[in-house]
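*Asks:* Residue numbers (the numbering used here), protein chains in the order written: chain L, 1 to 443; chain G, 1 to 196; chain E, 1 to 331.
Be aware that one or more of the hints could be misleading.
In the BS3-like style, the derived pairs of lysine-lysine whose C-alpha atoms are separated by at most 25 Å in a straight line are [as the list claims (entries may be wrong)]:
| no. | chain 1 | residue 1 | chain 2 | residue 2 |
| --- | --- | --- | --- | --- |
| 1 | L | K251 | L | K175 |
| 2 | E | K166 | G | K88 |
| 3 | E | K269 | E | K87 |
| 4 | G | K40 | G | K61 |
| 5 | G | K88 | E | K34 |
| 6 | E | K35 | G | K161 |
No lab work stands behind these hints: they were computed from the structure. Since we're looking at a predicted model, the values are computed, not measured.
Residue strings, one per chain:
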Amino acid sequence: MSTAPETSAAYLIRGAAIGGGDRTDLLVRDGIIAETGTGVSASGAEVIDADGLVALPGLVDLHTHLREPGREDAETVETGSRAAALGGYTAVHAMANSSPVADTAGVVEQVFTLGQKAGWTDVRPVGAVTVGLAGERLAELGAMADSRARVRVFSDDGMCVHDPILMRRALEYVKAFDGVIAQHAQEPRLTDGAQMNEGAVSAVLGMTGWPAVAEESIIARDVLLAQHVDSRLHVCHVSTAGSVEIIRWAKQRGIKVTAEVTPHHLWLTDELVRSYDPVYKVNPPLRTDEDVKALRAGLADGTIDIVGTDHAPHPSEAKECEWAQAAMGMTGLETALSVVQHTMVESGLVGWDDVARVMSTAPAGIGQLAGHGQPLETGSAANITLVDPAARWQVDPQRMATKGRNSPFAGRELPGRVVATFYRGHPTVLDGALNTPLTSEGA
Amino acid sequence: MNTSGTVSPQSSRVVLAEADIDRALTRIAHEILESNKGSKDLVLLGIPRRGFPLARRLAAKIEAADGSVKADDITGQLDVTMFRDDLKRQPTRAPLPTQLPSSGIDDKVVVLVDDVLYSGRTIRAALDALVDLGRPRIVRLAVLVDRGHRELPIRADHVGKNLPTSSVEKVRVRLAETDARDGAPVNEVVIEDWSA
Amino acid sequence: MRHLLSTEDLDKAEAIRILDTAEEMAAVSEREVKKLPVLRGRTVVNLFFEDSTRTRISFEAAAKRLSADVINFAAKGSSVSKGESLKDTAQTLEAMGADAVVIRHWASGAPARLATSDWIDAAVVNAGDGTHEHPTQALLDAFTMRRNWARVNGTGSAGTDLAGMKVAVVGDVLHSRVARSNLWLLRTLGADVTLVAPPTLLPVGVEHWPCTVSYDLDETLAGGPDAVMMLRVQGERMNAAFFPSTREYSRRWGFDDRRLAALDAAGAKETIIMHPGPMNRGLEISAAAADSPRSTVLQQVRNGVSVRMAALYLLLSGDSTPAAPTQEATR
């Protein structure tokens, strides 16, 4: 089947459980779901036996670092979007902290074009909020919104828009094109030289602490600003129990805030830092067990809207060094769905329909992304992820498509395997392996 | 330390009982006095662990026989751990104290005392350790048992008992000061057969 | 013992073994021939990413007294500061046949990283890492305390612990690897520890530590500690607003003449005053206190060599493969 990348080919997905529910046939043709139901006729379509598989709308990541342009040694749009396809993603949002920074229409269009050429997934650039992520003056947000990349999500991720007046202006300004500011909530003065979560473990390890309040104080300020100017705020990678409480409070007051959690913050804690292995160094840092529990509960009850990977590949030398010297970040695209299954589904906190919501529908909505996160119904764009929830696999970073070998889950056994990914009707992944990209002619 | 555990020897037999040990030590004490023509300048240095109690017993017998010396004044302990040539082959050993009589060892007649003389390597180490501590006039060697199988040109001046052994046998010396059997102090020398 | 990285993971038997071995090493240091042949032909590398002449010299003397070859590698101002990584440096030392690496590093955890990576096989000795640990300093402090505690109790020190001893550690606990290493080791050895510091110089999380915490030095001294350890205060902490001025610091948390007199007046004859050095006389400790008969500062320096000899001996002398059934020693 891998020798027939006919973009006009039809596929009949036989007997998949949609969102974990009833078994349904899905006929994929011309980039859309042409027919659904039971006993749909194959009529020349390639049949994919989906017995025992769960069908989800193609996953959407609102938080991916593809590193191109500038750090092609760490990742490229090509390798990153291959990793995305293998992880079940049909759209990713490329964060702005490339080099040069994605703070102009030119850079975002370049990233957008690279994504289209690669053809493994939609690549939606995130625009920088401030010029050079420097936190001093606004980047040309409107020009990026109007560009071919149609940027709607703006973020200085990696840096916090800490100046309150600048944050206020950004929140106000993006209302002009229904954009959203995705804030990396980290008060810089409270985290000067910070290496890990501040608490019992940092005290013993003698590492400069990263207090929860440094995140929570910014979130508290930002939700009040968003309320004041009646704009949309998205909070990236929420990591503390206190942050969950503040967001819950804000949502109860009707503030337009959405929040994201990473797969690693749903599972890992700062106890792992005792190894001093920089694979566990990440921003925001791994927190405590209590935080993990609060994040899971927040995701289950809708306080936290989405799971974003914060996929952050690094070359090996950036991690094979002292903790203090190491770069922050973890890969995540190829493990996210499995980690969510392990932490949220198998713990009984959510069902597969919720997974569809937090990993596809909600992030597509926040990113104003047409053609993604749609229900798997006749007429929807054929962005579909097929998962085998019964499969188990051992994480081996050496075998991943991403260039980054910095997976904190290396060696762990995870549940769930992406069997196939349909990106606009084309299978980018089949039988759990990369198939072919969607060629631009067929798009 | 012996990892006794579940393994045990094929057979074992007592070759020296308490009275035999005492007789042998009495004889050695007299030999030492005889060859030294009295107790003048005598220093007995026991090699841990069991050489030290043997040195004390010998010194007590010398005091009893001679009367002009106090046993405590002529007895010491010489730890040879850090002079051994087999440190890399053994689990790490913590050194034990070296304690010399207040008279020191310079120009003394030092009698090294150990329980079993086997390869001779311990005595080689003891001679090296001694050189770093001072310059005795004469160094002699007294052992309770000589079991043969020497690997170095070393011999004892005073031997309690010569025991021809095979290399699959082990010689165990048990002394009241250092050993107990079933909770009770014991004085004996045993040969164990460890052939398969 | 494969590496010496921290006192937190040192159990009581191991700690006492090191201290007892150090007693024997101390005896060697009093002899005319202050040298043992035990590490002949072995190479010890002092890999210092941070200046510390005292610690380096102490380790160098220890290694040389055990007949090891010593290579001093000051990573400051070398290729390391020109971008060569810890990994490359470690692999270089491995290729040169280092048997032990004594590492001082400004980054917490760098020695652990070296020990757990596959970059190098050598035994790793932590000679101070960031604000994490300084295990040989704690061991020499414990050695010094144990000798004094045994003297007070009229016993020999070999084989003993510090049960019942009351120790106050005073000063910048937050940034102190010495305080951390001391706390774990002193607790393991049975001492009761009180940390005395301004609240700004205590880490968040200190409430989980097995000790008493106090902001009041006079109150702690009135409780009659058996040892008072003053930590070095760095003047630059003042600029980071950890305390308002050095004068205020020294008035509240310095061991000054008034406090020395109070100890004397209270009849606390045996209380010793310790300092890991180098001292800021007039800041955390007054000159009179530093030079009083209570001061163990020079004892600590002397004992440092013995303790480091013990550590190097125990790390390097034995068979490093897992314990095989031991045959009776070849006699």
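*Asks:* Now look at each hint and say whether the structure bears it out.
*Replies:* Structure-based check of each hint:
no.: 1; hint: K251/L / K175/L; result: 19 Å, holds
no.: 2; hint: K166/E / K88/G; result: 40 Å, violated
no.: 3; hint: K269/E / K87/E; result: 51 Å, violated
no.: 4; hint: K40/G / K61/G; result: 15 Å, holds
no.: 5; hint: K88/G / K34/E; result: 22 Å, holds
no.: 6; hint: K35/E / K161/G; result: 37 Å, violated
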